[in-house]
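Sequence order for the protein chains is A and B. Its first residue numbered 1, the first sequence is counted upward by one per residue in my numbering. Its first residue numbered 1, the second sequence is counted upward by one per residue in my numbering.
Quick caveat, the hints were computed from the structure, so don't treat them as lab data. No residue lacks a Cβ here, since even glycine has one placed at the ideal position from N, Cα and C. Check each hint, because a few of them may be wrong.
[Unchecked claim] Footprint (simulated), chain B over chain A, 3 or more residues, beta carbon under 8 Å:
#	region
1	37–45
2	79–85
[Stated by the list, open to error] Restraint-style ranges between C-beta atoms, simulated for each label pair:
#	chain 1	residue 1	chain 2	residue 2	range
3	A	G25	B	V710	50 to 56 Å
4	B	L352	A	E82	51 to 57 Å
5	B	D339	A	A34	53 to 59 Å
6	B	P186	A	G65	55 to 61 Å
7	A	A34	B	L506	33 to 39 Å
8	B	L494	A	E82	26 to 32 Å
9	A	E82	B	R643	52 to 58 Å
10	A	G65	B	I305	25 to 31 Å
11	B	N697	A	G39	52 to 58 Å
12	A	G65	B	G189	43 to 49 Å
[What the hints assert, rightly or not] Partner residues aside, some chain B positions facing chain A, computed with beta carbon under 8 Å:
#	residue
13	N113
14	E270
15	V312
16	G316
Below, each chain spelled out in residue letters.
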Amino acid sequence: MQKVCDVPGCNYCGTPETCRLNQLGVGCCGAVVAVEGDGELRRRLLEMGFCNGAAVEVVRRAPLGDPIEFRLRGYCLSLREEQARHVRIVPEAQAK
Amino acid sequence: MSVCCDQHSGKPIASGDLVVALAGNPNSGKTTIFNALTGLRQRVANYPGVTVEKKTGRCRLPDGRRATIIDLPGTYSLISRSPDEQVAMEVLRGLRPDTPVPDVVVVVVDASNLQRNLYLVSQLVELGRPMVVALNMMDIAERRGVNVSPEILAEQLGVPVVPVVGHKRKGIDRLRQAIASARVAPMPGWQLPAPMQEELLTVSSALGGHGAGGLAMAERLLIGDPAEDVRRLASRPAVASAVRWSHQRLRQLGIDPMQADIEAHYRWIEAVADRACMSLDELAAMGNVGPGGGILDYASGRTSITERLDAVFMHGIWGLAVFAAIMATLFVSIFWLADPIMGGIESAIGALGQFVTARMPDGPLKALVTDGIFAGVGAVVVFVPQIALLFFFLAILEDSGYLARAAFLMDRLLARVGLHGKSFIPLLSSFACAIPGIMATRTIESPRERLRTILVAPFMSCSARLPVYTLLIGAFFASYGAMVRAGMMLSLYLVGILAAAGTAWLFSRRDRGPASAFILEMPSYKVPQAGQVFRVVWTSTWAFLAKAGTIIFCLSVILWAMTYYPRVPDPQAAPAEQLRHSIAGRIGQVLEPVIRPLGYDWKMGVGLVSAFAAREVFVSTMGIIYSAGDTDEDVTTLASAMRADQYPDGRPVWTPLVAVSLLVWFVLAMQCMSTLAVVRRETGTWRWPVFMLLYMNGLAYVVCLGIYQVGSFLTGG
Numbered sequence: 001m002q003k004v005c006d007v008p009g010c011n012y013c014g015t016p017e018t019c020r021l022n023q024l025g026v027g028c029c030g031a032v033v034a035v036e037g038d039g040e041l042r043r044r045l046l047e048m049g050f051c052n053g054a055a056v057e058v059v060r061r062a063p064l065g066d067p068i069e070f071r072l073r074g075y076c077l078s079l080r081e082e083q084a085r086h087v088r089i090v091p092e093a094q095a096k
Numbered sequence: 001m002s003v004c005c006d007q008h009s010g011k012p013i014a015s016g017d018l019v020v021a022l023a024g025n026p027n028s029g030k031t032t033i034f035n036a037l038t039g040l041r042q043r044v045a046n047y048p049g050v051t052v053e054k055k056t057g058r059c060r061l062p063d064g065r066r067a068t069i070i071d072l073p074g075t076y077s078l079i080s081r082s083p084d085e086q087v088a089m090e091v092l093r094g095l096r097p098d099t100p101v102p103d104v105v106v107v108v109v110d111a112s113n114l115q116r117n118l119y120l121v122s123q124l125v126e127l128g129r130p131m132v133v134a135l136n137m138m139d140i141a142e143r144r145g146v147n148v149s150p151e152i153l154a155e156q157l158g159v160p161v162v163p164v165v166g167h168k169r170k171g172i173d174r175l176r177q178a179i180a181s182a183r184v185a186p187m188p189g190w191q192l193p194a195p196m197q198e199e200l201l202t203v204s205s206a207l208g209g210h211g212a213g214g215l216a217m218a219e220r221l222l223i224g225d226p227a228e229d230v231r232r233l234a235s236r237p238a239v240a241s242a243v244r245w246s247h248q249r250l251r252q253l254g255i256d257p258m259q260a261d262i263e264a265h266y267r268w269i270e271a272v273a274d275r276a277c278m279s280l281d282e283l284a285a286m287g288n289v290g291p292g293g294g295i296l297d298y299a300s301g302r303t304s305i306t307e308r309l310d311a312v313f314m315h316g317i318w319g320l321a322v323f324a325a326i327m328a329t330l331f332v333s334i335f336w337l338a339d340p341i342m343g344g345i346e347s348a349i350g351a352l353g354q355f356v357t358a359r360m361p362d363g364p365l366k367a368l369v370t371d372g373i374f375a376g377v378g379a380v381v382v383f384v385p386q387i388a389l390l391f392f393f394l395a396i397l398e399d400s401g402y403l404a405r406a407a408f409l410m411d412r413l414l415a416r417v418g419l420h421g422k423s424f425i426p427l428l429s430s431f432a433c434a435i436p437g438i439m440a441t442r443t444i445e446s447p448r449e450r451l452r453t454i455l456v457a458p459f460m461s462c463s464a465r466l467p468v469y470t471l472l473i474g475a476f477f478a479s480y481g482a483m484v485r486a487g488m489m490l491s492l493y494l495v496g497i498l499a500a501a502g503t504a505w506l507f508s509r510r511d512r513g514p515a516s517a518f519i520l521e522m523p524s525y526k527v528p529q530a531g532q533v534f535r536v537v538w539t540s541t542w543a544f545l546a547k548a549g550t551i552i553f554c555l556s557v558i559l560w561a562m563t564y565y566p567r568v569p570d571p572q573a574a575p576a577e578q579l580r581h582s583i584a585g586r587i588g589q590v591l592e593p594v595i596r597p598l599g600y601d602w603k604m605g606v607g608l609v610s611a612f613a614a615r616e617v618f619v620s621t622m623g624i625i626y627s628a629g630d631t632d633e634d635v636t637t638l639a640s641a642m643r644a645d646q647y648p649d650g651r652p653v654w655t656p657l658v659a660v661s662l663l664v665w666f667v668l669a670m671q672c673m674s675t676l677a678v679v680r681r682e683t684g685t686w687r688w689p690v691f692m693l694l695y696m697n698g699l700a701y702v703v704c705l706g707i708y709q710v711g712s713f714l715t716g717g
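Construct the entire structure; sequences and hints are all you get.
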């Protein structure tokens, strides 16, 4: 399969339709398409700004691999992999 | 609700004293503004029925009226199930009978994080109360190249926007003025999908009213607001069926009302932020504006201080090294720095007790004053140095923004056993003492993970267990060499950690509720303000003294009475004889059949009962029983007395196996009334301390039973 983004170190190789926030490599950007998950988590994620196609950038992963820090709407927040996978993303093929 | 509707007219509020609610996102600098507004005229209490702090203060407005300011817990949204945010929502909506309905809402907005902060503003606008926006941290926004215009923002929102710098008290007078002349913001026209607007009309007609109030309530019903007033309405059959049908029709169209509502809010926010952020026009020309997040793309173009610091603090090697260094400093401070202060306090109180009772004749009254009352006060005050030091560090870590980073670094380890990244510091502190550790769990926002952290924190071997470990290891394993003894000591700590990890994991597996989400904001780094840090130290220490302190004091007086009464008729009787005769001694003897299978005799039983005052009291109780005194030099005498003790049939009372069983008992058992008192205060109910007492002692009993029985079998005894 072909790599979607050309950020060095990003190993995401799937198609844009299947991309989830936890699959993006560090330094990659994407636009939010949908938020899944149960009601309360979904509401929280939407309220924190994961909506309307907001641009999200993966800032870093914790030294132990989880959680992941993201930047969106001008601020940073971190999510565990288990939560980040509920956010569907269209990766942007652009280096930072 | 009637007050709310009266104020929909948009007129300035009535004269007289005002109730002002101070709302804002966490990390928006709300507390600094609260402090600047109210100065020292503050009160900290608890909202009845919940363990959420209620901070109120008073200030005088320029027109001579007085205002009561309620500092609400930081909140991201008015729709929430977390206790803190729920309290904020209930106060703002006037649903709490214990708090007056606010006349004015002041919302603190972090200019450097405008969009997410405006989400709360957009919800507050819907409340229809007079509102003022305090625009904070404009300097940070400017450093990031974003220039937020208060004038344009005020025009867009329709309410006064006052730029403030909380810690420099800039803009506070203007904020007071704005509070006095606050107005209701005009309702922005959310661009909800057309079918949803129709459904709003349908639901509001089922409610019996098309007015603004009816539509707002219909919206809250459709998006599933869990607030009490909405649920009450939703329980009416007519309303419930209208909502159900609306949901069904919308689902067929692929519309989720909750999502549509949040998206409509954010569309409005994006438009407002676009206009209010001045430099954005030029940036748009540079083609640097991404969808939905225009500001961020610009900000990420340059490296801010926060980013440069994070490159080190969050680094795989350097970050962990810095983390280890900070945690070591914190631990050393509460473990060793606090120790001489605690010793000093204890001996000062002891000396004071001696001084007061110097002229008193020996007898029950003198014993009550020295061993009951003064010792009880000492038992409370002795925790103050550790609590004050820990909260000093916590306040610095929290205000600087490092606490979130520490949680980020550690979360993976703790998440495996169902805890939170923020559980690390409470658990680490519990190695010094569980009391400050349990109090420090307040930094954990999610209530379930906080409770789990509280429940497992006492497994960490606290400094009060150390004298017991030292006595028993020294008395029965002296011949094994220093390495073995050090290894034993280390294994005791490991047993505690394993027990904590295991029970935390078990509790998280038994927790049937929905998994709590880990959503952790990473605030920008800030220099902590000395005034704010000392305020935190003061309020947390005072809260401990006033609430948990009274319980600890009463329990320690009761415990004293249990070792003092009833008296032996012969006044010349040895202290050991008196102790045996007392209630505690009798409990020890009654307990003997129960603790016999663990290898303990009644003397150890008395020791365990008295250890409830503090675990190290076990050592001095043994000193009394074996008539060895209780000073440090006497410990060697005590150890040999213990080794020499025999049952009537000549078997030794103490064997290395008994010592191991007792050591493990001290690791696992809950036998600290002060911890129970603090758990009572932090969880707001006796349910959890009782649960803790049962499961920890149950676990200790089973494990020690296993150790002693298997051990006796193997050694042929």
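Can we keep the B/N113 interface hint, with Cβ of chain A closer than 8 Å? This hint holds: B/N113 lies near chain A, its Cβ roughly 4 Å from the closest one there, short of 8 Å.
Hint check for A/A34 and B/D339 - Cβ pair distance inside 53 to 59 Å: Once the Cβ atoms are compared, 56 Å apart, the range 53 to 59 Å for A/A34 and B/D339 holds.
Can you tell me if the region 79–85 of chain A counts as covered by chain B, using C-beta to C-beta distances under 8 Å and a minimum of three residues? holds (count 4)
Quick check on a hinted range of 55 to 61 Å for B/P186 and A/G65, using CB atoms only. 48 Å, violated
Can you tell me whether the CB distance of A/G25 to B/V710 sits inside 50 to 56 Å? 52 Å, holds
Would you say the C-beta atoms of B/N697 and A/G39 sit inside 52 to 58 Å of each other? At 40 Å between Cβs, range violated.
Holds or violated: 25 to 31 Å for the Cβ distance of A/G65 and B/I305? 27 Å Cβ-Cβ, so the 25 to 31 Å window holds.
Verify the interface restraint on B/G316: the C-beta must sit less than 8 Å from at least one C-beta of chain A. The hint holds - B/G316 has a Cβ within 8 Å of chain A, the shortest such distance being about 4 Å.
Is the gap between the beta carbons of A/A34 and B/L506 within 33 to 39 Å? 35 Å, holds
Is the hint on B/E270 kept, meaning its closest Cβ partner in chain A is under 8 Å away? Status holds, d = 7 Å.
When you take the CB atoms of A/E82 and B/R643, is the distance between them in 52 to 58 Å? 54 Å, holds
When the nearest CB of chain A is found for B/V312, is that gap smaller than 8 Å? 12 Å, violated
When held up to the earlier numbered hints, the structure conflicts with 6, 11, 15 and fits the remainder.
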